[in-house]
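S.K.: What follows is the residue order along each chain.
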Amino acid sequence: MSSDRAALLSATFWEAGYQHLIETVHQRDALAHRHLDALQVAVYDPEGTTLGEKTIDPRKEVLDLSALVEEIAGAVPRAMVTLDARYDERVFPYRPHHYALLHRHGSETPPLYYAVNAVLGGVPDRIGATNINNFETYMFRRRSFAARYSLLLGNLARFAAAEAQVATYYGGQRVLVEAMLAPKSHCEIDLPSERTGLPLERVEVKALFRLASYVVGRRADTGDLVLFDHLFTYIK
Amino acid sequence: MIVLNNIESRFKTGFNKGPFGTSVVQYDARGDVVGRHDVELGDSTATAEVRLDAEGGGGGFATVAGARIFSDQYVTLSDGNAYTATHGRHEFIERYPRIVRVLLGLTGALAAAAGRTLPLFVKDQYLYLGAGFRSHLLVMNLSNVTNRIRVVVTGENVAGIERIVKLRPMGSSLLDVSQLGLASAEATTVVRARLEANAWFNLYVVGAGREDLAGLLSFMHVK
Numbered sequence: 001m002s003s004d005r006a007a008l009l010s011a012t013f014w015e016a017g018y019q020h021l022i023e024t025v026h027q028r029d030a031l032a033h034r035h036l037d038a039l040q041v042a043v044y045d046p047e048g049t050t051l052g053e054k055t056i057d058p059r060k061e062v063l064d065l066s067a068l069v070e071e072i073a074g075a076v077p078r079a080m081v082t083l084d085a086r087y088d089e090r091v092f093p094y095r096p097h098h099y100a101l102l103h104r105h106g107s108e109t110p111p112l113y114y115a116v117n118a119v120l121g122g123v124p125d126r127i128g129a130t131n132i133n134n135f136e137t138y139m140f141r142r143r144s145f146a147a148r149y150s151l152l153l154g155n156l157a158r159f160a161a162a163e164a165q166v167a168t169y170y171g172g173q174r175v176l177v178e179a180m181l182a183p184k185s186h187c188e189i190d191l192p193s194e195r196t197g198l199p200l201e202r203v204e205v206k207a208l209f210r211l212a213s214y215v216v217g218r219r220a221d222t223g224d225l226v227l228f229d230h231l232f233t234y235i236k
Numbered sequence: 001m002i003v004l005n006n007i008e009s010r011f012k013t014g015f016n017k018g019p020f021g022t023s024v025v026q027y028d029a030r031g032d033v034v035g036r037h038d039v040e041l042g043d044s045t046a047t048a049e050v051r052l053d054a055e056g057g058g059g060g061f062a063t064v065a066g067a068r069i070f071s072d073q074y075v076t077l078s079d080g081n082a083y084t085a086t087h088g089r090h091e092f093i094e095r096y097p098r099i100v101r102v103l104l105g106l107t108g109a110l111a112a113a114a115g116r117t118l119p120l121f122v123k124d125q126y127l128y129l130g131a132g133f134r135s136h137l138l139v140m141n142l143s144n145v146t147n148r149i150r151v152v153v154t155g156e157n158v159a160g161i162e163r164i165v166k167l168r169p170m171g172s173s174l175l176d177v178s179q180l181g182l183a184s185a186e187a188t189t190v191v192r193a194r195l196e197a198n199a200w201f202n203l204y205v206v207g208a209g210r211e212d213l214a215g216l217l218s219f220m221h222v223k
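Keeping their order, the protein sequence lines are chains W and U. 1 is the number of the first residue of the first sequence in my numbering; add one for each residue after it. 1 is the number of the first residue of the second sequence in my numbering; add one for each residue after it.
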């Protein structure tokens, strides 16, 4: 793709059983002046193997991710999906995040609407971020709920493996889990909602460079997603 | 419930020592203040949960202010078993001087008579209507003037649907996608909503499941 355009590399995680619709441009105007210049989607299995790639018409407004994954990757239970976009900074003076809607088929729970994680990494000569953005935090309600929490992590680098340190906090207790992620690989790390009677308070992720990361919450009774949110970086 | 925190302060040299005072002001749909909560966070990893009670129907919003607290206060909705969450965003309230308020009031009333508004601020947002779910919009007037917001909904097989939503200063309104006359089919319908307003405003997307507004909701700030 052209390198004279601004770049945005984003990633999300897809799993079977959900309607997952991605808005290629969030604040799309009715006359479609705001559209990407190019968009390429790639699908990876947990080991980082490329399951398929596809160039998307950048004028397409909403992507049906389930149909797309099925088309280019076949039947897989879970995949990391990257969205490699190019845009004109004169059209988008800001970073044009993709937003998405996520709803489990037949579920009674509400759909979740979220901002697709803008990772930026993997295209070093076009990285726009000048600050450290690889230390992230997420906080939880301080009482136990009937929900299971986890962290989805993916490494978007082309060549470098990444070690992620995931620290969870329960009162004064800190529990550390480490994950080694090969290029394009991804994993789900459980975040127990309680430890020795203390509720999960927060999680922190540290890595050598920016990873794709989401905090996920599922209802204990049905498994339906109730939380699918990016973490926060505060070193700005 | 709002989960207040100032964890961002951990990384601000010279400003990472608590306590941190925060002030939450809750506004109802009419823009009236219906609650105030002053909370002190002991240190940079402390959190405090503030419950926002509501009387009757309708929406509303809350502002959070505090020294060097900018954003990322978590907002949660729970049915007692689980909760959905999003985060607030760094916002501002636009406060116009008196003469501007008068002028905006006059011109806004004239434009409204023609089914229009002064389109000083414009946002576009997709809306979803599917089998057993939909996305509504909480529209918030973040200014001290009456805000007339023209909503135009378009999409495939959708003739332009127009509404004028009039919000009092700091007022808000839930734009119910079910009330726009769109058919709820098995296939998910995606439509574009364009919102034009005469003063600063913002949106939250409100996700509703099979029980619609009577059930658990999700919500999400948008930029």
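Please note: incorrect hints may appear among the correct ones.
The following residues of chain U were derived to be distant from chain W, with all beta-carbon distances above 12 Å [unchecked claim]: (1) Pro19; (2) Glu49; (3) Leu120.
Here are some chain U residues the structure puts well away from chain W; computed CB gaps all over 12 Å [as the list claims (entries may be wrong)]: (4) Arg36; (5) Gly80; (6) Pro97; (7) Leu103; (8) Gly155; (9) Trp200.
Dumping the calculated DSSO-like pairs for lysine-lysine here, alpha-carbon to alpha-carbon at most 27 Å [what the hints assert, rightly or not]: (10) Lys223/U <-> Lys166/U; (11) Lys123/U <-> Lys60/W; (12) Lys223/U <-> Lys123/U; (13) Lys60/W <-> Lys223/U; (14) Lys12/U <-> Lys223/U; (15) Lys123/U <-> Lys206/W; (16) Lys206/W <-> Lys166/U; (17) Lys123/U <-> Lys166/U.
Hints were generated in silico from the structure; no laboratory data involved. Backbone N, C-alpha and C define an ideal beta-carbon position, used for all residues, glycine too.
S.K.: Hints broken by the structure, by number, lowest first?
M.R.: When the structure is compared with the hints, numbers 2, 5, 8, 15 and 16 turn out to be violated.
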